[in-house]
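Got chain Z; can you put chain C on it based on the hints?
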Amino acid sequence: MTRRLLIALGLLLLPVAVRAVWFYRGVYSPASLIATPDYTTFAVPTPPLGATPGLTAESGGEGVVLVDLAHANNFRISELESFTARLTARGIRLETIASSSETPSLANRLKYAQALIVVAPMAPFTPDEVRLVRRFVDHGGRLLVMTDPTRSAIGVDYFAIPSPVLTVTVDVVAANSLLAPFDITFSDDYLYNLSENEGNFRNVFFTQFADGPVTAGLSRVAFYAAHSVATPSGRLLIVGGDHTYSSRTDSSGGLAAAALSADGRVLALGDLTFITAPYDGVADNAQLIANLAEFISSAKAERTHDLADFPFIFSQPVVLVPTEGITMTTDILNQAASLQTALLGAGIRLTPAKAPQADFDLIALGTYTATTSLETYISPFKIGLPDSPITGTLTIPGFGPVSPNGIGLILLSQKPERTTVVLVAQSTKSLANMIGQLASGNLSACVLTGGAEKGSAQTIAVCKAGEPTPIESASPTPPSTSSRSPP
Amino acid sequence: MNGDNRTPSWKRIGGVLLWTALPLAAGILLSLLIPRPIVGIIRLDAEIDSFSARDVIAQLNYAQDHPEVRAVVLALDSPGGTVVDTEAIYFEMARLRQTRPVVVVVNGLAASGAYYLAAGADYIYAKPTSGVGNVGVINQLPYAPLVFENFVSTGPYKLWGSSRDTALREMEMIKQEFYTAVKLGRGNALKAGPDVLLRGEIWPGTVALEMGLVDELGSQSQAVERAAAMAHIADPEVADLRDLAGLPAPYVPPFFITSPTGDSQATRPREPGLYLLYIPLGAGTLP
Chain Z
1 MTRRLLIALG LLLLPVAVRA VWFYRGVYSP ASLIATPDYT TFAVPTPPLG ATPGLTAESG
61 GEGVVLVDLA HANNFRISEL ESFTARLTAR GIRLETIASS SETPSLANRL KYAQALIVVA
121 PMAPFTPDEV RLVRRFVDHG GRLLVMTDPT RSAIGVDYFA IPSPVLTVTV DVVAANSLLA
181 PFDITFSDDY LYNLSENEGN FRNVFFTQFA DGPVTAGLSR VAFYAAHSVA TPSGRLLIVG
241 GDHTYSSRTD SSGGLAAAAL SADGRVLALG DLTFITAPYD GVADNAQLIA NLAEFISSAK
301 AERTHDLADF PFIFSQPVVL VPTEGITMTT DILNQAASLQ TALLGAGIRL TPAKAPQADF
361 DLIALGTYTA TTSLETYISP FKIGLPDSPI TGTLTIPGFG PVSPNGIGLI LLSQKPERTT
421 VVLVAQSTKS LANMIGQLAS GNLSACVLTG GAEKGSAQTI AVCKAGEPTP IESASPTPPS
481 TSSRSPP
Chain C
1 MNGDNRTPSW KRIGGVLLWT ALPLAAGILL SLLIPRPIVG IIRLDAEIDS FSARDVIAQL
61 NYAQDHPEVR AVVLALDSPG GTVVDTEAIY FEMARLRQTR PVVVVVNGLA ASGAYYLAAG
121 ADYIYAKPTS GVGNVGVINQ LPYAPLVFEN FVSTGPYKLW GSSRDTALRE MEMIKQEFYT
181 AVKLGRGNAL KAGPDVLLRG EIWPGTVALE MGLVDELGSQ SQAVERAAAM AHIADPEVAD
241 LRDLAGLPAP YVPPFFITSP TGDSQATRPR EPGLYLLYIP LGAGTLP
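So the sequences go chain by chain: Z and C.
Note that the working numbering has the first sequence beginning at 1, numbered continuously upward.
Note that the working numbering has the second sequence beginning at 1, numbered continuously upward.
Derived by calculation from the structure, the hints in this document are not laboratory data.
The C-beta atom is built at its ideal place from N, Cα and C for all residues, glycine as well.
Mixed in with the good hints, there may be bad ones.
Stated by the list, open to error - Only some residues are given here: those of chain Z computed to face chain C with a beta carbon under 10 Å:
| no. | residue |
| --- | --- |
| 1 | L9 |
| 2 | V16 |
| 3 | Y24 |
| 4 | T36 |
| 5 | F42 |
| 6 | P48 |
| 7 | L49 |
| 8 | G50 |
| 9 | P53 |
Claimed, not checked - A short list of chain C residues far from chain Z (calculated; beta carbon distances all over 10 Å):
| no. | residue |
| --- | --- |
| 10 | I13 |
| 11 | L24 |
| 12 | L32 |
| 13 | F151 |
| 14 | T166 |
| 15 | L184 |
| 16 | D195 |
| 17 | G218 |
| 18 | Q222 |
| 19 | V224 |
| 20 | A239 |
Only chain Z is shown next, with the shape it has when bound in the complex:
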């Protein structure tokens, strides 16, 4: 009986066991730890705030800085407030160039400005504009160009066939057209860093700096989406680390966001955002902004002018001194009035005088029939005046013999204590013509050459001063090809 019960029990349980074993081969045990992030340990990254250098008013920095708004620049002046405040605290006056056709023109503005700032330009610079800026920099002017990938203009043509077309206008094209003469090029990219950044992969920390005034006092700056910039002949100032990549190539290594031209006068920055609030207070950005202000304001000491920059060759009030033998005719007085107006427009006072005066710059008038007083002014130029104003010969260093008939000279000498301009011609009529050319700033009828005196900046302009006098109508003087030796 017991055996039968056991068999029956076994047979009862057999199907259950078979089914259980058929379907269930073991017991599931999960991984010892189902790993999920501890979300409470994550925090919103906050920017590392840095110290802001004090804003102190400094004197002696007066000058004019131009801000370009004539090339569809995609920014607002107010965004540069932390930077422009430092310039105005130094006594610098900011002038905006609203359009390429406005008066005064860019050419005239660059005569008196010490620096030009170009930010996020979307319209290209013309060859003439590039030439003017190149000349401006060659004469000691400073150029600061800032671009920014976030300032691209994105347009959509919804009605394009067969599908909407996206167009992107970037600022690097226009910026590069201006920077080409200075061997600096922005790339149409943005720099990024995925592992160490300032709150987003586009916000890159830079800790590698080339030595120099622009990078003085910097240990770390943050740029918020920056173009990379290259310059074969200049210097890369702010360089990214090994984990800073270019969006154009997805490669890293030595990518720079700021560059300086070889002559140290042109600075290119690939970001604008770091100057704007609140980013101007992150890391050492405020120090960099202060250094930029110093870069701009230090241009004044290096700025030079030549005759083409008239009337801004003068830095003091001017006296007009006719040398002995010069009669102030109607023609001369008319042109002198124009000269006075031209100088007044530049904020420079012109007064007649009998002799040079201390703390005044000088414009001296004379003719080739030299007097001792004229020779005093022209002697530094080593010019030999002609025996005859019509048939004689002018001797000009580096120029060779020149016939004085119909020819006038504008001589410019710039010394620390005084700027002197001497106008010499064959007659009072042609002298008036020369004054008129100078007043208008139009020296297209002149050939310019450098002077001979050491220790001063000299320019000699040999100009057409009117129609030459026919020799047969000249006064009966024996022809001579000689000139008086220079003193």
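Using the frame of chain Z, we list chain C on its own:
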């Protein structure tokens, strides 16, 4: 002595039946109480939003509440979606994995939030050309605070939610959370570093395998076999958990902004907010 002592044959047969066939039959009936194990299939083939998340979570909960569901295969074909809904599914998956294995099979796409979920599974299959990855966050930044005279508020960010800068930084935090989830989920199998992973690329299945983002190239049936093996079950029934749970057909509102006539869609989600989402900006699509 007479020949009437033998037990009649019909009695012997009856005895055998009573002590063998009956218990056997009873045992067979009793064995039917042991349910056939089920590998449940959950399909996520749309963007992740509150509706699709609710649908998936209901199926995960069904699996949790029904012991016969011994493993789950999550079949993905999704570009991802909202951060919060992705996290909701992720949490439920982690809870389920404490009692049952979850295996993912990627069909077309497991991008962004969908990959976030995949990384939280026990095993991942993909096809050679499945799209996998897109690790990162997207967001439409709020405007800088303005002054509206006719619609006022009580704080500078009441209308915008946060400053633009804060919104950007919060994205960075969420990105780090996403990356950490991937690192924890993939463990030593992950071969790609942050410089590669966080670029936000989508990789084909073959490349994702090399990078350690997926475990194997294979099909849904292989995923079912794997899930069964991990659950130590054999000959399981494969069933769609939506059907088992008796869920109604999901309501799928338009995810992206749609023109009033409904004939074109912009490549921006209809609802503002943070997304773990892949938006292909190709020709013909509007930004």
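Tested hints:
The interface hint given for L9/Z is met, as the beta carbon of that residue sits about 7 Å from the closest beta carbon of chain C, less than 10 Å. Against a cut-off of 10 Å between C-beta atoms, the interface hint on V16/Z holds, since the closest Cβ of chain C lies about 4 Å away. Residue-level restraint check for Y24/Z holds (minimum Cβ-Cβ distance to chain C is 6 Å; threshold 10 Å). Below 10 Å, beta-carbon pairs count as interface contacts, and T36/Z has one with chain C at about 5 Å; its hint therefore holds.
The beta carbon of F42/Z is positioned within 10 Å of a beta carbon in chain C (closest approach about 5 Å), and the interface hint is therefore held. Because the smallest distance between the Cβ of P48/Z and any Cβ of chain C comes to about 13 Å, over 10 Å, the interface hint for this residue is violated. The interface hint given for L49/Z is broken, as the beta carbon of that residue sits about 13 Å from the closest beta carbon of chain C, more than 10 Å. Checking G50/Z against chain C: minimum C-beta separation of about 16 Å lies over 10 Å; hint violated.
Interface hint status for P53/Z: violated, as the beta-carbon distance to the closest one in chain C is roughly 23 Å, over 10 Å. The claim that I13/C is not at the interface with chain Z holds, since no C-beta of that chain comes within 10 Å of its own (minimum 15 Å). The claim that L24/C is not at the interface with chain Z is violated, since a C-beta of that chain comes within 10 Å of its own (minimum 4 Å). Not every CB of chain Z is more than 10 Å from the CB of L32/C (nearest about 8 Å), against its label as outside the interface.
Every C-beta of chain Z lies more than 10 Å from that of F151/C, the closest at about 25 Å, which supports listing it as non-interface. The claim that T166/C lies off the interface is violated: its Cβ sits roughly 7 Å from the closest Cβ of chain Z, which falls inside the 10 Å cut-off. Non-interface call for L184/C relative to chain Z: violated, since the shortest CB-CB distance, roughly 4 Å, does not exceed 10 Å. The claim that D195/C lies off the interface is violated: its Cβ sits roughly 5 Å from the closest Cβ of chain Z, which falls inside the 10 Å cut-off.
Distance check for G218/C against chain Z: the nearest CB is about 21 Å away, which clears 10 Å, and the non-interface claim stands. Look at Q222/C: its CB is around 18 Å from the nearest CB on chain Z, clear of 10 Å, so calling it non-interface holds up. No beta-carbon of chain Z comes within 10 Å of the beta-carbon of V224/C; the shortest separation is about 15 Å. Against the 10 Å criterion, A239/C stays outside the reach of chain Z, whose nearest CB is about 15 Å from its own CB.
Going through the hint list in order, the structure does not satisfy hints 6, 7, 8, 9, 11, 12, 14, 15 and 16.
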